Amino acid sequence: MKITNKKNIDPIAEARKNKHFKRYSDEADVKIRFAVAVYDARTKKRMSQQELAKKAQTTQKRISNIENADIDLGISAIYRISQALYFDSKTLADIFGCDFNPLQAQSPEIESRQFQESVFCGKS
Amino acid sequence: MNIVYYYDPDLKSCPVKRYLNQFDLGVAKNLALIAAIDSKIIFLSRQKSHPHPPISKSLHNYNFFEIRHRKNRNILIRVIYFCCEGKMILLNAFEKPDNYDSQKIKKDIEKIFDTTAMYRQKYLKNKNLYEDYK
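Protein chains in written order, with my numbering: chain A, 1 to 124; chain B, 1 to 134.
Honestly, the hints are just simulated from the structure, not real lab data. Note that the structure is predicted; figures quoted are calculated from it, not measured. Here a beta-carbon is modelled for each residue, glycine too, at the ideal position from N, C-alpha and C. Do not take every clue at face value.
Said to hold, decoys possible - With a cut-off of at most 27 angstroms between alpha-carbon atoms, the simulated BS3-like pairs for lysine-lysine come out as follows:
1) B:48 x A:31
2) A:61 x B:96
3) A:22 x B:71
Stated by the list, open to error - Some chain A residues flagged as far from chain B (calculated, every beta-carbon gap over 10 angstroms):
4) 54
5) 75
6) 90
7) 97
To be verified - Residues from chain B shown here face chain A by an in silico Cβ test under 7 angstroms; the list is partial:
8) 20
9) 43
10) 54
11) 105
12) 107
Just need the whole structure built from these sequences, with the hints factored in.
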């Protein structure tokens, strides 16, 4: 019987073989992009986590977890934080990996429809 | 930037691999956790400056950075790394309670940081002490 030294197995290489790994990985990437966007916008506005929490009607601990890319957020929390930090459509498109075409942004109807299609139907 | 695991010749293994190997990948929660830590490591390897807040932070009195990841409500995972000659070297990983007051836990964590500082010194003396991150 082959003896394997578990200490030397690469756990990440092993995890990558799992068919669900990519989905988890993609979800983690979105959390990281949101975390970085929140941190960058908050520090640019010289806001503390406490101040942002108050503005977005949440707690400082939750903001800290968001900036650590540690939690799954609901739509309402994303909405409140995006509003509090004045995220534009390009920032949101970058976070969620959607295409953004500034020329079409002149027509809010088209922009909104295309954004929804790319988010909900996976079209790009 | 290339990502590598620090290999310790005394332990005959990589401390970060050893820590991550405790997770049973057959459990969906563990697979998601490994995927999230991997995403943070890859994100950081693409950055020019380190630490890169909020994903990595520097540690007072030490020449390395930490990546924090929440394991559950009360436990935080900390992955320690540093950068040298175009490589991102994963030195050590451990977990700690999120909020702690006990002097004992503080001392234990300091001990881990001291061990990690020793790993860094060993690597700097022999830059072949690594295994590839695949």
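Sort out which numbered hints this structure fails and list those numbers smallest first. 11, 12
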